[in-house]
Amino acid sequence: MMRLPLFDYRTPRTVAEAAQILDGEGPEAMVIAGGTDLLPNMKRRQQTPRTLVSLRRIEGLSGAHLDHSASQLGSCLTLAEIAEDPRFRNGCSALWQAASMVATPHIRNMATLGGNICLDTRCMFYDQSYEWRQAINFCKKKDGETCWVANSSPRCMAVSSTDTGPALMALGARVILHSARGEREVTLADLYNNDGREYLTRRPDEIVSDIRLGPLHGWRSTYWKLRRRGSFDFPVLSVAAAARFSHDGVVEEARIVVGSAASRPLVAEEAARSLLNRRLEPEVIEEATTLAARLAKPLDNTDFDMSWRKKVTSQFVTYALRELRGDDMRAERTRVMHSQADGVS
Amino acid sequence: MIGHARRRVDARGKVTGQTIYADDISLPRMAYCKLLRSPHPHARIRSIDTSRALAHPGVYLVLTGKDLPIKYGILPVSQDETPLCVDRVRHVGDPVAAVIAREELTAADALELIEVDYEILPTIADPEEALANPEPRIHDYSEEGNIHKRVAFEFGDVDKGFAEADEIFEDTFFFQGNTHLPMEQHASVAVRDREGKLTLYTSTQTPHYLHRALSKVLEMPAGHIRVVATPCGGGFGGKSDPFNHEFVVSKAALMLGRPVKISLTREEVFYCHRGRHPMLMKFRTGVKKDGTITAMHLQNVIDGGAYGSYGVASTFYGGTLQTTTYHIPKYRYQGARFFTNKPPCGPKRGHGTPQPRFGQEVQIDKIAEKLKIDPAELRLRIAVKPNELTANFLQLGTVGLEQCIRRVVAISGWKDKFRKLPEGRGVGLACSCYLTGAGLSIYWNAMPHSGIQLKLDRSGCVTLFAGTTEIGQGSDDVLAAMVAEVLGIKTFDIRVYSGDTDLGPVDLGSYSSRVTLMAGNAAIQAAERAKAMMAEAVADKLEVPKERLRFADSAVFDAAAPEKRVTFVEAICLAEARFGTIGTVGSYTPPKFPAAKYKGGGVGTSPAYTFSATVVEVDVDTATGLVRVAKLWNTHDLGRALNPVLARGQVEGSIYMGLGEALMEEQDYRRLPSRLSHALVHKFPSMLDYKTITSLDMPEIVTEFIEGPDARGPFGAKECGQGPLLPVMPAVANAIYDAVGVRIDEVPMTPEKIVRALAEKKAGRAPRYGPDHFPEMSWGEPLRVPPPWDGGDGRAINEPPRQPKPSREKEKVLTP
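Chains Z and H, in that order, give the protein sequences. Per this note's numbering, the very first residue in the first sequence carries number 4; after that it's consecutive. Per this note's numbering, the very first residue in the second sequence carries number 513; after that it's consecutive.
So here's chain H without its partners, still in its complex pose (with noise of 0.2 Å):
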């Protein structure tokens, strides 16, 4: 089972299109709901009337703000949600009621007769602007005006380091926001259920954190309340939330009494948002002769949009995976991130680290180039170690890098093509790493991450029951075959029930590339407490010692004789016999991380970590400036690759998404002449209009896994989809400096701003497009903490004035 190539447990059901996904469900007596959303950016609700709307035939509710007050947000630490706004909206798109009528057209008709007094506020677009204006403030628990959220940590006598320096390089980068674009829109049925009870059909990555938001919205014992995560037709971060619209169809079953759908629209989906955080960052590093990093100073600008979500996770991984791959002695980082009147910003494939990295590998070529080292012999110089302990006291296990790097310049031919190419033509690299599982719940407990119970029966079937969340990702098929190699059946003799609240254990989600890895040791636990049941059972029928009996090809036979066996079924028989009925289960929590003691230290920390490097190859058109990206490399260090066709899957739909962000995607608002309108819209929500590549824009792609198994993974495994999307970015960039000569210092990179560089290169300057200023303000004294080896046992040496911090309220918890 284990490595080699097969088919997923759920590919018949979605190749035949049999696969269920939310917005296929249809119940009898079904209601419709639709949500009337905000029309402005930045609005006070003087009042709202839905007579019109309920008077109107076929509308059978009308829910508004004050029906379902209480607060919610996915972290503990920004309760800043509710399903429609009380009295504020604060981006276009904000729901504010919602109609659930007989029909879905009749819902949005009758939205249009709900009238709402607003009173119009002023709007904030940007970071910068929302440092010039502190009041009115979008959200009053906010750090410091509209500052919702800053970090600063310095590992090191940073100003040292850079006194010992040859080279002091300083860069600023800018990273557009883009979205997740998952081509399943969000869909979800509440259903009240014949004992009274909620069941929630959703499209969710985080079934269990959804559950626990609903329970404190709702005011309902949590066990009274059933989410079934249905088949997810793409997530990427973007189902990580818990939305507006699963808690309103929730309240509306529950008033009604019958099913209540909503369905979203392209538009919608836009606005639920919680993708890339636009980042504006600046890079300081020092550097010697032969390359060797002396101190890197990060400064983060980061545009939250209007809510919390995930940013103040976003703001530390917007700077704390930097010492990851190369050997930094000191490390300075501070980051603060904004409410903006936008649609709010969270995890988006990388959460966080795609932008840093996008400035420090830019950087790093850049230092290569002025230092005259090739940019991989440089990378090879620097690489972090095997079981390094970080500056900022990460404990890395596994490090493939080197690797990584050797071998993808091999397969690219890098040393026959980097700066050998002809005009127009270019080749670039780019490395990066990643987490297996964020080390942290985002709620503080001692319980497991991860759970799974299986049952086996006599009739041969084994049933897997897990908590996880199948997002297309393939996490049905890698705990099944995780099982079935313990057990030494086929995937196709397991049944996988997952991501329902009520049917499987408590597992946190599909987010931070956590399940093959934390579900699987658990699913592993779980095969392996089966088996030796079993496995005593049959020792006791064969008379072999149980140490001696193996199991496989649906049998359980002596090593030594194998003529001496039962079948598999056979051997359940057995089991339930000597046992009773079998059952076990296995759960995960991640290892302690006792190195970094310093408050925020916990975020970044993982079991195990992935490195990939790759190769980018552009063909640019001088006078235009369009690229095409002819053709891609890319090495993974995954550890093993449990199902290559998945794992290929994986990276080669990384690098798609990586190359959309690199060349065209832009979740960009436009703000009209302000004598004129105080709008402040999405540019383009629609899936014509926002560009992402398409199949034809696709390169060739040749990707090889690195393969050393890490002891924390299952069967040695680590992450593979999301690491791989990370380089490539800045090596596309690389790319086209290596072909034209310009620094596109901003992502995306738009023939637009190429053919600006380049008219800057013909006019003598400096041959570059990106920011060209970044703001001042004030970071706060960071968090000392010194590193290990400058004798540090990662505790901070001192205390930081305490930030005022929001009264956080007080979680219920409810029992039946």
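So that you can see chain Z by itself, here it is in the shape it has in the complex (with noise of 0.2 Å):
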């Protein structure tokens, strides 16, 4: 089997502490939640880190505090707890989908939040073993000069992968972070960057601590998400969407994501505005579908033909926003996603 190369393991008990390992410990050190991204990288000699710096001792980073008006979520609520938990399927649907359709039961059991939205991209030509690397001479993500998928480009274009983090997106959320420093709070739109290889604007001192939620209340959303399974695989395209409606069916705020489509999640705000005033008659639907549809550009660095995923993703964002206005897609659900996770809320 792989075997994982020698590291020294650190079980802070506060976030505090936490933070002061890792200011001590400079970019060698790496925060570990669930380990269900870090450690198979570390196999593969992706990561290397000197020292893991576990939050699983840390108590109060697993609370979940769900209202109405504002929301505050632990990063290291696992997925599995938020998958079982009725609040989050009535309240945030799209959250709950995505987190229920991440992987499998067992990882879900480890898996946490603050992980998944600070997954690492992934790339056919990265995800792979060190000899695989070695035989393609590495890319630009890791170890060599070259990106594969786009031979001219300046910058990784390995691919935003979290189910999570576009579903939060849509969501509005906020993420706090906490370093040796102080506290800082950023949209989770703002957490992420278009590089395959710095894809975080977070630094590697700062621990994700919490996820932050603004008024719930007349908001309905949905996720979408395409892999070739009903269990295992990443997404190699998403859709999350959600919308607040008046009374009789207009659109009063909109926000629609578009995951796995670049290296970051991609916001579709004139898409969204698209919506805005209006009810979700079919041409309102398809005007916005191809406004979203437009941003994604996916390459050939995932599962599946990197066109048909493009072609796809209208689909993915017609289905979502049929889902919000009430149509019962569970038919559909079944057929492209293999998945039960069905009901908006």
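A portion of the hints provided could be inaccurate.
No more than 27 Å apart at the CA atoms, straight line, and that leaves these computed lysine-lysine pairs for DSS-like [as the list claims (entries may be wrong)]: (1) H/K882 x H/K897; (2) Z/K313 x H/K1273; (3) H/K882 x H/K1274; (4) H/K1273 x H/K882; (5) H/K1002 x H/K1053; (6) H/K882 x H/K794; (7) H/K801 x H/K709; (8) H/K878 x H/K794; (9) H/K1274 x Z/K313; (10) Z/K46 x H/K1195; (11) H/K878 x H/K897; (12) H/K1002 x H/K1076; (13) H/K1109 x H/K1143; (14) H/K526 x H/K1053; (15) Z/K145 x H/K1195; (16) H/K1195 x Z/K300; (17) H/K882 x H/K929; (18) H/K1274 x Z/K300; (19) H/K801 x H/K929; (20) H/K1195 x H/K932; (21) H/K1195 x Z/K313.
Derived by calculation from the structure, the hints in this document are not laboratory data.
Two chains, two frames, a set of hints: combine them into the complex.
What follows is the structure, given as structure tokens:
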């Protein structure tokens, strides 16, 4: 089997203590929560931290305070805890659906919300063993010079593959970052960078401690994920959509986010704006779909053919908006996602 | 016992985690081995410097190709592998050196200290490149350039057959390669025992063939080598070759006097491969208006990868069984296997036959549509009959194909669904045939293919020694059940020792669906011999004629007066007192197949053939092309279900594997822009990215056995572990056509391909996705064999010019 390299393992009891360790160790230390992303990467020698700083013993990072006006979620909530909690299903279904569709039940038992939003970007030329990457003389993301997806690209084109990131962005989430120098709050959208290598604006010494959501009252949200199978797979395209409707079905606020189509989740601002003060009639949906799908420029570095993924983007935006409108989309969900995670609220 | 659903004998160990797989073995003083594998797809090895690795703390030994220079290969005609590459690497992942160290991590670290100087060679990625580039040759012994092997047969005047046809159909299909993906990665532990002899514990399906190869490569008498096939966590054909690592740890253990272990990573298992050959096939079939086939011509271009493996056999199987489902009066088959710089292909469940079966069954669906005949009805009209001798002289026995079709049509509601479901929903039907054990061994000999020994003693324990390999299919249980049935005891009164070349008699291995029939018949013979001895002793004691004795309920009694009885244990004691220690043997050699006398006619012969029919119902999303399999019905003619639970497991496992191949599995490779790199790498050698279906993607399955005992099968049984896979892929293709009206002439049938075919349909062009050309090549003059109905006697009437043959190495036979 593939073996982990050797490393030191630290188990601080408070966020402040964890931040102190990170500050002292410098960039050779990394934060570990569930480890479902980091440990396989370490086996492949994609990351070889000298020290791992575990968040598992820190109390207070696993809480979920949900309220119609303001909610706060601890970064160490496991995805299984979110998937099993009816408050998420009823209050912010996009997040609930996204968490429920990550990987497998075993992985959701370990994986955390903070870990999933900070998930390493993925690429077929990068998510390989050290020996395999040696056979292609490595790539721009790690140890090499060339981006094998786009040979002349000045930057790494690895793909943002987080499920909960787009869902939380559609819900307007903000994140709290802790370091030895203090605390700061940024929108989740601002946490991401469209660069496969430097994909987060988080500094190496910062810890994502909490995720904050604004008012949920009146909002409906949904998450659509493209993957080959009904389990295991990372998204190779996703659409998260959320809208606040008036009592007679007019859109008052809306957000659409396209995931796994670039090195960061893409906010489809123009598409969302086109929905405002309108009912989700077919032509309104079509207009928004065209605007949103324009953003997606998939490349040949994930599962499935890239031009097909582009085509599916518009289909998924349509499905998502129809579901927000209140159409029963269970048959489509089963057919295209093999998933029972349904229901919008 | 027989015919009843029972808990299998090895179930407890497996569900409680007590079964010891090769990777679970840990012995005192054990060292670990890691292999350095080539990062280049094709290169000459100029030199290897191992000095830094050898000096690394904790390293015991470093081996390279020159330490193990003798060649091996599973087939006598393809002895083209060495444990470590001597002067050339032929694919990424080809092993060039081994480090044996105190810790696995140490061995891995030391690999990076080995310096190999490579001279990069041009690479060949597929058969068309191989045709265009006869040089450099990947192997010097290939038939011509990079063509490894060609076969060509003509049974009857095919051109005349086409002239008699009302319609001629020509279709080209491509079946992508895929791999076995067993849950258990290959692992081995080699031990030099107290006497200095070698024991190798390893996850293999063929301990006997490995035993022979070890003897050859290590230059040790086979009698001084013991191979123990540990319980195998899945094989599917992927553990049927002798593998590099097995020789390396054996050599290291002999040199070091320590146990040496290796556990392959999943990526390394992808490089061992031996999976499904990619095949590009052209089918030309002539039919009468009523569907009667007048002639068929199949050409098959086969991508073999970097070594021979079973490839010569696969090349025959790529066309041999086309005659065993429908009556084909005239048949021409031309197949060619090519060497390419990729891990070698070999046998995977269905060995060489699923690919042409796919093409044939999809083409039959097209023929039925054109002739306006229901596809089930067409198949019934042309189905082979029991005891038919086919055009290529395969002697069929029991044939349940008609019943399979009739039943699958009935249980699936076919008549209410076919061409009647709403857009996006469809059903498809396909059939198949498979062997119950290959008629020939892979090396020529006149000895039995299977042997069984039984020991019975006064404790009441019946011990069964078999050379068979339990690879999860349930062979230990099936053998115990047959012995228990004969002796009137329970399977749990029997202890089975299998897969150990020291303990059990020779069995050729768990491949070609041969174990139940061949080892089963041997087990019955051994049990009957023991029973006869016991009956004689008991008859004396009870003073009844031995013919009246019955063995049942762990007792032996007089059928006329059941109260006159002894217990089974007492019966053994009586026999032991009368005859001395009780041990019996049984063996099985397949019947001679006198029909096929032409060269190559032995491939495809089998004691018994099975038949399957499958209906698949699919749901296709017309916007995205995504397919969900809604339900699947399978009927399988297996002669008799010895343990219906096990048989059902084999059928459902086959369907699972077939659906993965149909919808997503691809052993696919990638090149990088040639101006920047010479890489030719496996696209995704990991379980996450090599896509196979999960339990959530599995449909409801309805399985029905068609039972009609075959006289050659033990208790009438035929195979059920491979045949049911074969119709799955074409049935899915035919169902997609029924659902959305497009033909996907290529496996796997991915949503991208469906969307493209739908776009073609919308544009008014042929509603199809599939290969659009077929390479021109010389196939050589075929061997002409007139079929039985043209007065043929199984002999060829011509002698094509002999291909220059590689000089076959003389097999060394070493005796202690």
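Straight-line alpha-carbon gap H/K1195 to Z/K313, limit 27 Å: 21 Å, holds
Holds or violated: are the alpha carbons of H/K882 and H/K929 at most 27 Å from each other? Roughly 19 Å between the alpha carbons, so the hint for H/K882 and H/K929 holds.
Would you mind confirming whether the straight-line C-alpha gap from H/K882 to H/K897 stays at or under 27 Å? Roughly 25 Å separates the two Cα atoms, so the pair holds.
When you check the alpha-carbon spacing of H/K878 and H/K897, does it fall within 27 Å? Within the cut-off at roughly 23 Å; holds.
Check the hint pairing Z/K313 with H/K1273 against an upper bound of 27 Å on the C-alpha distance. Given that 27 Å is the threshold and the Cα spacing comes to 20 Å, the pair holds.
Please verify whether H/K1273 and H/K882 have alpha carbons no more than 27 Å apart. 17 Å, holds
Given the hint that H/K882 pairs with H/K1274, test it: the Cα-Cα distance must not exceed 27 Å. Holds. H/K882 to H/K1274 sits at ~21 Å (cutoff 27 Å).
Mind checking the alpha carbons of H/K1274 and Z/K300 for me, to see if they're no more than 27 Å apart? 25 Å, holds
Does the alpha-carbon distance linking H/K1109 and H/K1143 stay inside the 27 Å limit? 44 Å, violated
Taken at face value, is the distance from the CA of H/K709 to the CA of H/K801 at most 27 Å? 68 Å, violated
Would the hint linking H/K1195 and H/K932 be met if the CA-CA limit is 27 Å? Not satisfied, since the Cα-Cα distance of roughly 40 Å exceeds 27 Å.
Z/K46 and H/K1195: Cα distance at most 27 Å? 19 Å, holds
The structure does not agree with the numbered hints 7, 13, 14 and 20 stated previously, though it agrees with the rest.
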